[in-house]
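K.L.:
The lines below spell out each chain.
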Amino acid sequence: VHTSGEKALRAILHAEEAKKIYKNIKETFGKQQIPLTQVDVLSNPNNRTSEHITLTSKEEIELNILKRNRRHSLQSLSTPFLSHPQLRQAIDPLSEENFIDQLLLNEFKNEGNIQDSFTDTEKQWFETLQKGISTEISLPHYHVMILRISFV
Amino acid sequence: MKQESTSSSPSGRQFGHYHSMLECFRQNNFSIPSLIISIAHISLITASPLNLWQTASQVMLEKGKGRFIENLQIIQLCKADLNFVLHVIWGHHLICHAKKNNSLSTSQYALPGETCNNAVLKKMLFCDLSRQSLSPDVLTDFDATAAFNRVIAGLSIITCERVGLPRIAGKFMFLLLRHMKFHLITGFGKSSSSYRNQGVLQGSSSATPIFLLNSEISLTAYNKMGIGASFQHPVNGSIVTDHSVQYVDDTSQFLNNMGAMNHIPPEQEITQLNLIQLASQNAQTWANLMWMSGGNLNLGKCFFYAFTPSISYKSNTIHYDKILSDPGISITNPATGTDVTLQSLNPDDSQRTLGVILSPDGKGKLQ
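Sequences listed follow chains A and B, in order.
Just so we're aligned: the first sequence equals residues 1 to 152 in the numbering used here.
Just so we're aligned: the second sequence equals residues 1 to 367 in the numbering used here.
Be careful, since some hints might not be right.
Straight-line distance between alpha carbons at most 27 Å, and here's what the computed DSS-like set of lysine-lysine pairs gives [unchecked claim]:
| id | chain 1 | residue 1 | chain 2 | residue 2 |
| --- | --- | --- | --- | --- |
| 1 | B | K122 | B | K314 |
| 2 | B | K63 | A | K67 |
| 3 | B | K123 | B | K190 |
| 4 | B | K122 | A | K67 |
| 5 | A | K23 | B | K224 |
| 6 | A | K7 | B | K99 |
| 7 | A | K7 | B | K123 |
| 8 | B | K63 | A | K123 |
| 9 | B | K65 | A | K67 |
| 10 | A | K26 | B | K63 |
| 11 | B | K314 | B | K65 |
No lab work stands behind these hints, which were simulated from the structure alone.
With the sequences and hints as input, model every part of the structure.
P.N.:
Take a look at the structure:
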């Protein structure tokens with residue numbers, strides 16, 4: 001962040017103005033932060049049209065929400081990169097047999113020849129994945145940058 | 001340092017503690033902040049996320065649709081110092097580096113210096129130009145399902161490295177996401193049990209940049225493969241073509257007769273039916289590209305407008321031909337293999353898009 005005093009002041013004023021606007025909106029609509037102490041769930045989880053029942057105990061609410069959030073977060077498991085073992089390994093940075101460099105150079109070819117079965121759309125997607133910028137951001141620079149931000 | 005039982009942070013430290021540390025700077029005492037920055041720096045350059053950083057809290061909020069479990073919104077809270085590191089590297093340095101090197105599509109609007117209003121204005125411009133050119137058009141709006149939760153951690157490292165993230169920082173992020181444990185916060189307090197999940201820590205400073213760089217691949221590929229909308233500059237005659245506009249997980253695609261011209265045999269007249277067929281191809285391409293990067297469309301929430309404006313010289317007003325409801329835009333859902341037809345709207349039907357109620361006829365009739 002290479003910023004001048006003038007720019008920094010402008011950013012602060014802008015942030016203050018935005019804060020004021022949000023405060024006014026909040027005051028207009030009133031406080032609506034009601035802690036979650038009740039949750040409705042399906043009486044039969046396998047039937048989407050079944051009746052809703054209300055859970056009120058801490059344990060039941062936590063169990064159901066954690067289950068729901070976990071289910072919600074695993075939706076991508078059936079997509080190509082997580083369902084094909086070869087593609088999964090290809091993008092795993094911890095695997096010594098990953099293909100990250102090849103993917104970034106659009107030279108991905110594995111032993112299973114999975115790339116031969118790609119559709120035109122998939123081929124275009126892989127082509128686009130190749131590295132766009134040759135320079136990297138500097139991490140030591142980040143160290144200096146944080147100190148600069150903090151000093152401002 | 002005192003820990004607080006009501007703190008949202010897993011460590012029990014409030015954000016106010018960090019403000020107090022910044023006060024040390026003002027008093028020329030750099031010892032504590034420098035120590036924290038050094039720890040964060042070592043953690044990053046050795047790809048060893050601190051144990052303290054590997055827990056996050058999930059706060060469940062009602063979205064105004066009742067308290068049914070599937071309608072709750074998840075907000076994830078991570079440690080303030082971790083969020084600061086994520087903001088500096090992913091939220092600022094990486095995105096600015098990608099933007100400076102023209103590595104981001106012009107259809108992308110969730111960028112520093114841009115706002116969602118710019119994305120809305122681009123859509124409005126498309127509708128205005130279609131009225132001026134009186135051309136048949138199709139505007140398709142897509143909604144991504146569980147967008148942030150579906151980002152694949154391993155793939156996101158590659159999409160970030162593609163625009164200049166050092167691999168060691170990518171590995172740091174991968175390990176952080178892989179080992180992150182989520183606790184739940186409800187009105188009863190913090191849950192004792194936790195779980196691990198996919199996703200990119202929605203709510204953190206790095207979530208939007210990572211999602212953006214991930215979807216950038218699909219967006220750029222779409223702009224190469226899809227058929228867009230073209231308009232001719234009235235003065236210099238140059239042709240300007242645009243395909244889409246995206247703001248985080250909200251994507252719209254444009255199509256008009258001039259854009260479709262090269263994709264329909266010259267002897268054939270371009271009709272609204274042809275355009276809808278091409279828009280179907282576009283929509284299927286987009287669904288497949290999103291599927292490649294781990295995402296999927298919420299097809300129940302996607303919709304399209306197909307409209308042909310014409311002038312009524314009698315009343316001096318623009319009116320729209322009745323749209324064809326059949327055949328509509330149909331997409332095969334890559335997850336289930338089933339065909340889904342998108343909702344077709346009339347040009348005067350307003351839809352809320354990026355916080356603005358917008359309709360192609362420019363009148364914005366409220367629903």
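K.L.:
All hints are to be evaluated individually against the structure, with a verdict given for each.
P.N.:
To see whether the hints hold, each was checked on the structure:
no.: 1; hint: K122/B with K314/B; verdict: violated (31 Å)
no.: 2; hint: K63/B with K67/A; verdict: holds (19 Å)
no.: 3; hint: K123/B with K190/B; verdict: violated (43 Å)
no.: 4; hint: K122/B with K67/A; verdict: violated (40 Å)
no.: 5; hint: K23/A with K224/B; verdict: violated (44 Å)
no.: 6; hint: K7/A with K99/B; verdict: holds (20 Å)
no.: 7; hint: K7/A with K123/B; verdict: violated (31 Å)
no.: 8; hint: K63/B with K123/A; verdict: violated (39 Å)
no.: 9; hint: K65/B with K67/A; verdict: holds (20 Å)
no.: 10; hint: K26/A with K63/B; verdict: holds (16 Å)
no.: 11; hint: K314/B with K65/B; verdict: violated (46 Å)
Of the numbered hints stated above, those contradicted by the structure are hints 1, 3, 4, 5, 7, 8, 11, listed in ascending order.
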